[in-house]
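Heads up: the protein sequence lines correspond to chains G and F, in order.
Under the numbering used here, the very last position in the first sequence is 354; numbers go up by exactly one each time.
Under the numbering used here, the very last position in the second sequence is 354; numbers go up by exactly one each time.
Don't take each hint at face value.
What the hints assert, rightly or not - Listed next, the stretches of chain G that the computed footprint assigns to chain F, with coverage defined by at least 3 CB atoms under 8 Å from CB atoms of chain F:
| hint | segment |
| --- | --- |
| 1 | 15-25 |
| 2 | 207-217 |
| 3 | 323-335 |
Stated by the list, open to error - Derived, one-sided and incomplete: chain G residues facing chain F with beta-carbon distance under 8 Å:
| hint | residue |
| --- | --- |
| 4 | Thr78 |
| 5 | Ser82 |
| 6 | Thr85 |
| 7 | Arg103 |
| 8 | Glu106 |
| 9 | Ala110 |
| 10 | Leu242 |
| 11 | Arg267 |
| 12 | Arg293 |
| 13 | Arg294 |
FYI, nobody ran anything at the bench for these hints, they're computed from the structure.
This structure is a prediction, so every number in the text was calculated from the model and none was measured.
Note that the Cβ used here is the ideal one computed from N, Cα and C, for glycine as well.
Protein chains: 2
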Amino acid sequence: MFHKDMTATVDYAAYAAATPKGPLERTTVPRREVGEHDVLIEIKYSGICHSDIHQVNDDWGSSKFPMVPGHEIAGIVTEVGSAVTKFTVGDRAGVGCMVDSCRECEACQAGQEPHCLKGNTPTYNGTGKDGLPTYGGYSTHVVVTEDFALRIPEGIGLDVAAPLLCAGITLYSPLARYAAGPGKRVAIVGMGGLGHVGVKIARAMGAEVTVLSQSLSKKEDGLRLGAHEYYATKDKQTFKDLRNYFDLILNTVSADLDANRFLSLLRLDGALVQLGLPETPIAVNAFALARGRRTLTGSLFGGIAETQEMLDFCARNGIGAEVEVIAADQINEAYERTLASDVRYRFVIDTSTI
Amino acid sequence: MFHKDMTATVDYAAYAAATPKGPLERTTVPRREVGEHDVLIEIKYSGICHSDIHQVNDDWGSSKFPMVPGHEIAGIVTEVGSAVTKFTVGDRAGVGCMVDSCRECEACQAGQEPHCLKGNTPTYNGTGKDGLPTYGGYSTHVVVTEDFALRIPEGIGLDVAAPLLCAGITLYSPLARYAAGPGKRVAIVGMGGLGHVGVKIARAMGAEVTVLSQSLSKKEDGLRLGAHEYYATKDKQTFKDLRNYFDLILNTVSADLDANRFLSLLRLDGALVQLGLPETPIAVNAFALARGRRTLTGSLFGGIAETQEMLDFCARNGIGAEVEVIAADQINEAYERTLASDVRYRFVIDTSTI
Chain G
1 MFHKDMTATV DYAAYAAATP KGPLERTTVP RREVGEHDVL IEIKYSGICH
51 SDIHQVNDDW GSSKFPMVPG HEIAGIVTEV GSAVTKFTVG DRAGVGCMVD
101 SCRECEACQA GQEPHCLKGN TPTYNGTGKD GLPTYGGYST HVVVTEDFAL
151 RIPEGIGLDV AAPLLCAGIT LYSPLARYAA GPGKRVAIVG MGGLGHVGVK
201 IARAMGAEVT VLSQSLSKKE DGLRLGAHEY YATKDKQTFK DLRNYFDLIL
251 NTVSADLDAN RFLSLLRLDG ALVQLGLPET PIAVNAFALA RGRRTLTGSL
301 FGGIAETQEM LDFCARNGIG AEVEVIAADQ INEAYERTLA SDVRYRFVID
351 TSTI
Chain F
1 MFHKDMTATV DYAAYAAATP KGPLERTTVP RREVGEHDVL IEIKYSGICH
51 SDIHQVNDDW GSSKFPMVPG HEIAGIVTEV GSAVTKFTVG DRAGVGCMVD
101 SCRECEACQA GQEPHCLKGN TPTYNGTGKD GLPTYGGYST HVVVTEDFAL
151 RIPEGIGLDV AAPLLCAGIT LYSPLARYAA GPGKRVAIVG MGGLGHVGVK
201 IARAMGAEVT VLSQSLSKKE DGLRLGAHEY YATKDKQTFK DLRNYFDLIL
251 NTVSADLDAN RFLSLLRLDG ALVQLGLPET PIAVNAFALA RGRRTLTGSL
301 FGGIAETQEM LDFCARNGIG AEVEVIAADQ INEAYERTLA SDVRYRFVID
351 TSTI
């Protein structure tokens with residue numbers, strides 16, 4: 001089969017939203033034939049990220065349909081192009097939030113492909129260099145240049161590895177950037193799909209880890225996964241007890257939070273890293289930044305090299321996501337449950353059920 | 001003379017605001033007698049900082065009267081306490097924004113006394129450890145512990161040195177923190193009392209320096225003082241031309257600016273440092289931070305050790321402020337002119353006229 005620009009394609013089964021707000025239904029989508037630098041990955045598991053739901057719902061106003069979401073992809077290489085050197089058939093491989101970038105700008109040269117000045121190619125809802133729409137991981141297969149495929153080390157189950165490709169690297173990257181480790185006090189705001197992986201990684205890095213969650217309902221899990229302390233943010237006393245305390249706060253919550261309250265928990269030169277993307281601007285008092293030279297910053301996922309580093313780190317430390325594996329026909333229900341925070345802690349689709 | 005708590009005091013001439021909004025008039029104020037760790041400085045010059053006007057006007061709601069403003073103080077040591085080792089009579093000395101701190105908290109231990117967790121003792125509008133109100137530099141003399149007095153090197157005129165004690169260190173500190181130097185692209189937003197000193201210091205550090213000013217009215221001065229480039233922010237093209245360009249932007253403007261527009265001028269991992277303190281919160285789009293891992297932070301003035309480093313740096317590089325020296329009876333007029341931005345670039349009071 002040929003795409004309109006004469007790119008040879010092969011159709012694969014997938015779950016797609018045909019129109020905004022879904023539902024997601026079984027269909028097929030075309031992917032390019034395996035080029036010389038490409039690998040074909042038979043997807044085994046694909047995580048459901050909260051941003052998939054935003055994209056399906058067109059919350060950010062840039063969604064294209066049909067849409068096959070999914071950028072937490074883990075599987076097995078079943079075909080490699082003639083020039084491929086990094087993978088052989090049978091290798092465990094993953095794909096995260098992007099499948100290409102310009103590779104030439106200063107961000108790409110610095111290994112920060114998510115920040116590509118020309119825009120990276122997102123794993124879905126984008127357009128590849130092949131001219132085709134990109135389709136994500138809710139599918140049986142994906143074709144990707146080997147440079148944007150990751151090696152998934154032995155020792156991590158593919159099901160619990162899948163969410164590392166987005167949730168894992170999104171937390172690992174700022175933890176690494178701010179050198180979380182022994183002697184550093186790290187707070188993770190939000191004990192969800194992102195937060196729970198952050199707890200595990202920060203703990204493995206050697207930091208002192210505190211969860212700041214709305215309530216104490218997940219405290220037992222938090223401590224079990226590695227947190228040293230667990231506080232409820234609905235309790236005003238939390239903000240008194242922890243004033244000037246943390247070196248680093250990673251805010252995984254997308255809902256509007258009072259950034260100034262969280263900034264007040266930072267000690268000298270501490271950083272608040274916003275990982276969730278609230279819809280309204282964050283209102284910051286200049287004095288809350290000046291006092292203690294506190295920093296507010298953001299982060300996307302990480303570059304390819306850093307993502308590989310994260311996977312290797314997680315394998316060495318026995319870290320995977322806490323997952324609930326579902327069949328493909330449960331995707332729409334899983335979206336409802338994700339929106340209701342009724343998941344501990346990540347839905348992962350068994351793509352053999354597609 | 002004795003203060004009510006039996007601290008022995010001596011009265012000195014000063015210009016004070018008796019009530020909010022002034023005017024400032026000649027009076028006398030009590031200062032403690034020189035203690036064993038104190039120096040008495042005969043003030044020669046005292047700069048007028050914009051924040052003096054805010055304090056006199058009680059804009060921040062914490063002003064105490066009578067108030068003697070002034071935290072840009074340069075003079076000569078005329079008496080030293082028995083235990084003083086850092087100064088002898090006749091030394092050139094300065095006092096900046098604070099005259100003491102707890103000296104024990106982690107900020108003080110880190111040499112970041114402005115961020116003292118118990119609060120530093122401001123040079124005026126505060127209460128000293130002696131129990132007396134602190135009075136600033138619009139006066140003939142000041143008594144200060146030697147640990148919070150600075151050595152003003154030979155080679156800088158005391159008149160042009162005075163503003164370095166606030167304006168100079170306020171710019172030097174973030175420039176040093178973010179390693180401004182060769183290969184770094186630094187923007188200074190606002191070509192006023194703070195900004196013009198920032199241009200000089202950043203240039204001397206070896207950075208590529210750009211001024212971002214509302215208009216081009218001070219362009220000639222900016223280039224003369226060391227800027228490589230000078231752009232008008234009222235010109236929309238500026239924000240297109242300089243997108244993703246700077247490593248560091250120091251915003252000296254207190255007025256509300258669109259932080260997102262300035263963030264868009266930062267390259268990967270760049271920092272926007274807010275030095276002016278706008279009255280309304282800064283509204284930041286989370287995505288403007290996430291994209292490029294941009295940082296928004298604040299800064300106060302600097303610690304004592306860093307302030308000394310700054311003065312030594314300025315002396316080595318022939319840097320002083322651009323000043324207009326006035327007599328004490330021109331202070332009220334100078335306030336009006338400062339509010340109207342009619343000063344190039346700092347008023348300095350010749351305190352012999354008090």
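Find the hints from earlier in the document that the structure breaks and name them by number, from lowest to highest.
1, 2, 3, 4, 5, 6, 7, 10
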